[in-house]
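Asker: Chains as they are written, first to last, in this note's numbering: chain A, 1 to 230; chain B, 1 to 261.
Don't read these hints as lab results, they were simulated from the structure.
Please read all numbers here as calculations on a predicted model, not as lab measurements.
Cβ coordinates follow ideal geometry from the N, Cα and C atoms, glycine included.
Any given hint might turn out to be false.
[Stated by the list, open to error] Distance ranges between label pairs, derived from CB positions:
(1) A:Lys91 - B:Gly26: 54 to 60 Å
(2) A:Lys91 - B:Val205: 48 to 54 Å
(3) A:Gly21 - B:Lys253: 43 to 49 Å
(4) B:Ser47 - A:Leu37: 41 to 47 Å
(5) A:Phe130 - B:Ser120: 25 to 31 Å
(6) A:Phe114 - B:Val59: 22 to 28 Å
(7) A:Asp186 - B:Lys253: 24 to 30 Å
(8) B:Glu219 - A:Trp222: 43 to 49 Å
(9) B:Ala157 - A:Pro96: 30 to 36 Å
(10) B:Thr122 - A:Gly225: 31 to 37 Å
[Said to hold, decoys possible] Which chain B residues face chain A? A few, computed with CB under 8 Å, are given here:
(11) Ala18
(12) Phe101
(13) Val121
(14) Gly134
(15) Leu174
(16) Ala192
[As the list claims (entries may be wrong)] Straight-line alpha carbon distances no greater than 30 Å define the calculated DSS-like cross-link-like pairs of lysine-lysine that follow:
(17) B:Lys42 - A:Lys183
(18) B:Lys42 - B:Lys19
(19) A:Lys91 - B:Lys253
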Amino acid sequence: MTEIPEHLLKRAQAAREKAAGQGGAQGGDESRIPSDLLERSKAAGSAAAVVPAAPATSLPAGAGPGGHTQRLLTVVKAGSIQDVKAEPVDKVHTWPHLLSIEFVAALACTAFTFMFSWFVNAPLLQAANFNQTPNPSKAPWYFLGLQELLTMFHPMIAGVTIPGMGLIALIFAPYVDRNPSNKPEDRKFMTSMMTMFLMFWAILVIIGSFFRGPGFNFIFPWRDGIFFEL
Amino acid sequence: MARTLEEKPRISVKERLAKLGESVQGSQAWNSIFRPGSIFRKGYTDSPRNRSYVVMNSVLYHLHPVKVKRHAVKVSYTLCLGGLSFFLFILLTVTGIFLMFFYRPTAADAWQDIQSLQTSVTFGLMVRNMHRWGAHLMVLSVFLHMARVFYHGAYKAPREFNWVVGVILLTLTLLLSFTGYLLPWDQLALWAVAVGTNMMGYSPVIGSQVRFVLLGGVEIGPETLLRWYVLHVLLFPFVTVIFLAIHFWRVRKDGGISGPL
């Protein structure tokens, strides 16, 4: 058995004696609130009562047990530092609700990539040859919109200005769009702008991918074949 | 013989396993791996508290809060596009590391390495296919993710900056894909990149200088292969991971995914 330190035993003994003595003398219902505070609160309870003068003791008014003095420095209201407005939000546990969906999505994605890779091989043409330019030469599909623009504009416009402006427009979209609503019916303008933007690139990419043949001339894929490698 | 068996009752395999499990789970090593409150320390029975502990006491807490809004788990709202883009990035990292074991970024070896990877390395063709199709899929999913976010108005305050980070990530995805396009060093790679980089030279002021640095010369050549290899396997993935971390952090700081329409 571990030994209890002597000072703790003494303290416990003293507390026990004190409790027994108080219980006998005052019936146990005396609280630990200092008498002057108790009187003050009683006085506040009756409207007519005048606040009595501080009891004539050596301690200053408002002194706590043991003569410590407390001062009220400031009152910090709830909500002035932290926003405690607790609005009920309909929430579910991340596990299992979200994580299981993510797991299935990742699995399906892996399965799709795996099966696709099973049946379709990545292209590997002849080794690179600087002296033999294939006809047509096409950029990767996501840049074919730009290559398509090259047929219409000066390279400076098609390769730099238009895609640069597109990128800048995308970056600044949230700062330009001052409409706070996210409801589709409130933002028909932005929705149609974005749809036009996406369609613009999608159509250019499709034309560049499938409707351009040797010499990057316009062809019909069903008539002249497909000149496109992923 | 019978007497000895009575004296030493055999301990069944089940009991041995239970005892082993107890000693492992009580060991200092086990308890140092799993945090207090981890389901691997105290077992899992389905209760709201344990559901919270699964996220709270694992590395997942960096990515997900304990609870998410109910509409956020609707597949029809996000179509999982952002998560799938990230997953494809991981898939591409794993398959890409595999490919690095068999590939030398020199004009003399590159094409031959890919050729022998496909013909004489176990699963070589399969992993290369997955890397290529996964890359195209990632470009597509990042693009669709952007469209989804726009149509839901999810770029609006307080998420403006995260949208900007997203546009940067889209650009990085395209750069990752484009730098990887050159690496097989076949006719398709060489001339697709030649077409792509020709446009770059027309940028005003610094266009030709940037092109010279990226190509390692005035024209695409063997130096370009090494540069783009380093960009593809090191620089761009590194930058992308940094922006991904900012992107995911901001998703949570801005209050999870955007509200329902």
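Asker: Evaluate each hint against the coordinates.
Answerer: These are the hints, each one checked on the structure:
{"no.": "1", "hint": "A:Lys91 - B:Gly26: 54 to 60 Å", "result": "violated (36 Å)"}
{"no.": "2", "hint": "A:Lys91 - B:Val205: 48 to 54 Å", "result": "holds (52 Å)"}
{"no.": "3", "hint": "A:Gly21 - B:Lys253: 43 to 49 Å", "result": "violated (59 Å)"}
{"no.": "4", "hint": "B:Ser47 - A:Leu37: 41 to 47 Å", "result": "holds (46 Å)"}
{"no.": "5", "hint": "A:Phe130 - B:Ser120: 25 to 31 Å", "result": "holds (28 Å)"}
{"no.": "6", "hint": "A:Phe114 - B:Val59: 22 to 28 Å", "result": "holds (26 Å)"}
{"no.": "7", "hint": "A:Asp186 - B:Lys253: 24 to 30 Å", "result": "holds (26 Å)"}
{"no.": "8", "hint": "B:Glu219 - A:Trp222: 43 to 49 Å", "result": "violated (37 Å)"}
{"no.": "9", "hint": "B:Ala157 - A:Pro96: 30 to 36 Å", "result": "holds (32 Å)"}
{"no.": "10", "hint": "B:Thr122 - A:Gly225: 31 to 37 Å", "result": "holds (36 Å)"}
{"no.": "11", "hint": "Ala18", "result": "violated (27 Å)"}
{"no.": "12", "hint": "Phe101", "result": "violated (17 Å)"}
{"no.": "13", "hint": "Val121", "result": "violated (14 Å)"}
{"no.": "14", "hint": "Gly134", "result": "holds (5 Å)"}
{"no.": "15", "hint": "Leu174", "result": "holds (6 Å)"}
{"no.": "16", "hint": "Ala192", "result": "holds (5 Å)"}
{"no.": "17", "hint": "B:Lys42 - A:Lys183", "result": "violated (46 Å)"}
{"no.": "18", "hint": "B:Lys42 - B:Lys19", "result": "holds (16 Å)"}
{"no.": "19", "hint": "A:Lys91 - B:Lys253", "result": "holds (17 Å)"}
Checked against the numbered hints listed earlier, the structure breaks hints 1, 3, 8, 11, 12, 13 and 17; every other hint is satisfied.
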